[in-house]
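Chemist: Chain by chain, the residues run as shown.
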Amino acid sequence: MSRSTLLQNAQFKWAIFRSDDRLTVIALAGFVGVCSGLAAVALNRALHFMGAAFHGFHHHWWAFLLPAGGAILSAFFLNTLLKERAGHGVPEVVYAVSRYGGLLRFRSSYSRLVSSCLTIGSGGSAGPEAPVVMSGAALGSNIAKYFALKERQRITLVGCGAAGAIGAIFNAPIAGMVFTLEVILGEWRTHNIIPIAIAAVTGTELSRLLQGNQIPFEHQQFSISLIDIGASFGVVILATVVSVSLGRLLKGMHTVASKSRLPRWLRPGVGGAAVGIIGIYLPIVLGEGYLSIQDMIQGSFSPGLVLVVIAVLAKMLATALTLGWGGSGGIFAPSLMIGSLIGLVYYRFLDWLLPTITLSSEGCFALLGMAGLISGMLQAPLTAIFLIVEITGSYEVILPLIIVSALTSTFCYYIEPASFYLRDLIEKGQYMLPGTDARVLSDLTVRELVETDYMAVPNDMLLKDFIDAIKHSNRYLFPVEDRETYRYVGMIFVDRIRPYLFDPHMHAVLMTEQVMEVAVPTVKADDELADVLNIMEHNRLSSLPVVENHRFVGMLSKSVLLDHYRKELIVQTGAG
Amino acid sequence: MEERLLHVFRNTPLGRETLLQSLYFCNTLGASLYIYVPKTTQFIMYFDHDAVQVDLDGSYLTAADTATEHARQLAETGGINPTFLTPKNFTASQLPDISTNFNYMCCPRSISDLSSKIGLGYIGPKVRRIVKSSTFPVLITSPSFKEWKSICVFYGGSNNANKALSWGITLSIKTGFPLDMFTYTDGRSVDYFDEQLEAAKLAHKVKRHVRTWHKISEGKFEESLYTVDYEALAVVGAYGHGLIKDFLFGSKMETIQSWLPNNMLLVGPNCTYRGA
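So the sequences go chain by chain: C and H. Read in order, the letters of the first sequence are residues 0 to 575 in numbering that gives the first Met the number 0. Read in order, the letters of the second sequence are residues 0 to 275 in numbering that gives the first Met the number 0.
Note that these hints are calculated values from the structure, not bench results. Hints may be right or wrong, so weigh each one.
As the list claims (entries may be wrong) - Below, simulated EDC-like cross-link-like pairs (lysine to aspartate or glutamate); rule was C-alpha separation at most 20 Å, straight line:
1. H:K145 with H:E75
2. C:K149 with H:D49
3. C:K566 with H:D47
4. C:K144 with H:D47
5. H:K87 with C:D436
Unchecked claim - Every beta carbon over 12 Å from chain H, so not counted as near; a handful from chain C, in silico:
6. E204
7. G233
8. Y289
9. Q297
Virtual Cβ for every residue (Gly too), placed ideally from N, Cα, C.
Using the sequences provided together with the hints, build the complete structure.
Modeler: Dropping the structure here:
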């Protein structure tokens, strides 16, 4: 076969791929999963290395400076070197997906990996999962950009990056997939699920290849009875209270830090130092805390009930101090830690209160507590269920897990309608799922919908001349302009002035300014379409004049708006 | 509808020159002026296929309390009633989103580097990213305010050059200023460029609107740039051909921006031509 024929064949095959959106995305999903998996493995390895490196220093009196130094370095790296603003990462991914079709900066693919490594590796109370989600999502976004994919495809690849990252870091592909669909994309569509599943599996497999097929927490066998299922309702109450409290504590700490007069670069250090001081007395609050969680699941966590309660409060405070004062990291790991602690508290309290009742084991309730906190904080019950099941291998706990996850997220929703990740976005009106009214309208502008082929008439035009003008137009709305200044002054509705039009006596008497309406609301080219629609509905108008700098520009009609709305909806949902 | 120009204001003498250029551009074209007075050293622009974070040089925050007033005074002296842009959305608390819903954007040669680096031969990386990603042409101003009285399109026969020529013709029609073309044949026959114009259906427009077509076939390219009128607005398609297009503007464009002190209108690969 000649070279040119081979080239033609290759181009033809590539054209087939590019001709079907889904095939292109499926083809790239695996690649994105590999990249995000590598990012997750790199962060995991770096954290292990730093943990081992600093382990020997924790007994020194100056050990509290370690988290402070790590946080300051992290902030310096992020804010000064890379000029990227710190944040939890996941809200930014959701923001990009909801407003800008998943556009993320390339620097986000590595910035949070380094900064969270510095924060968490030095002892900060945060998790690596959110930074790795950000990293994976940014990789997916930039791979989509490199291949010049459409917005819909780019969003899917962002999801693939997130799923691959979570799958790799937890060795939990289903949790990665469910987290992406439930939290990042907020929608369950067939054309998303397949590529995301591929990415989650690819990321996980890569992690297993490089780190071995180990679940994060060693499997324990639990025997669940009706009593345990009944007792799990108590975990729901406790998890709800703690979730809401933790969310508010984080927000409050962030407010306190932002109002502080300390230089911006020093604030993470203050939070880190405070965590370090707490850590001297309660080392359990430092870092991710996975070793302590393992002890709790195994039922070998020795501190007593009072100390465990103190540990819950201390870990909540440490997390708020780390993240609220500018440290880089996520909320996953602290939620797992705090959740397992409250599960322990609840079990031991019940055991003390009702010694005759036989409950499963404190390890089981540690799992339920973890599920409750994740569900409450993220308001993502499915993610919690699958995550706990996959990272512990404890499928027998699934019934109480479902109860705790579903009910905790429901109760938390009634108290705090938005999850920790989405709260700020929803408050600012920036959370918009693709295919919703707000999202579709945000992609349309008055400028592109305005119809400019309207004939303006001067304000001193006689009615008989106006009737001539009507004869040459197919419109029933006529804007009126001042003859001298050309400023817009009002609108004539032809159907409302029929009595004058059919009365010849009025033709030489009335002028346009006498029959026009001045109280018609106007809109500007930069107005939001959601507001424009509200004005139309409130005033029962099907068209509105667009006026810029007192000059009439054109008319915006509801029918044109809805026509474009439908087309944009098809683009965003991938339907049709 | 009126065209819109985005201007990021720097409250310094250099910034004043750049704003004067924007005012002249808006007055000449009948466009409206949108001024963004930055409150933070960063902002982000979301284009169709790229998110460009602009890290501003610190001088953009000079005398923040007088910036808006200075900009307004200058604009009113120029007979323009500007609109001051207030960001509504934020990617992060210190990272506002700036709309990309404009027809033009005005930039100095560099927006992230110190003012002292602004000079011939250097166009900053952020400005390059904006040119590459934007759907509108970017007006790169000369360091001092200079009125342009003609338009000169650099035509090399590529798709981008055709786009630049279309923009040049549009500007000429709107402003009434004469339009010239400049082509360095670079070993190609003169007929090649005529054929490219025919293929792009621009030949009849060129006959109608172009005053002089300078076709240079001898000598070095940079030496031939002396032919370009010093009062001309240079309209250039940015980004060349092949693999280097992602990294460089294109070899001719790099030479042009290194040698020509004129105001330049850079037409990037994603610019949407709206028709004359």
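Chemist: Take the C-alpha atoms of K144 of chain C and D47 of chain H, compute the straight-line distance between them, and say whether it is at most 20 Å.
Modeler: holds (10 Å)
Chemist: Given the hint that K145 of chain H pairs with E75 of chain H, does the C-alpha gap stay at or below 20 Å?
Modeler: holds (19 Å)
Chemist: Y289 of chain C clear of chain H by more than 12 Å, beta carbon to beta carbon?
Modeler: holds (29 Å)
Chemist: Taking only the CA atoms, is the gap from K149 of chain C to D49 of chain H under or equal to 20 Å?
Modeler: With a Cα-Cα distance of about 12 Å, the restraint between K149 of chain C and D49 of chain H holds, given a limit of 20 Å.
Chemist: Determine whether the non-interface label on Q297 of chain C survives the test: each CB of chain H must be over 12 Å from its CB.
Modeler: holds (41 Å)
Chemist: Do the alpha carbons of K87 of chain H and D436 of chain C lie within 20 Å of each other, as the hint requires?
Modeler: Holds, at roughly 19 Å.
Chemist: With a cut-off of 20 Å on the C-alpha distance, tell me whether K566 of chain C and D47 of chain H pass.
Modeler: holds (17 Å)
Chemist: Verify that the Cβ of E204 of chain C lies farther than 12 Å from every Cβ atom of chain H, and report whether the claim holds or is violated.
Modeler: holds (30 Å)
Chemist: Grab the minimum beta-carbon distance between G233 of chain C and chain H and tell me whether it stays above 12 Å.
Modeler: holds (39 Å)
Taken one by one, the earlier hints all hold for this structure without exception.
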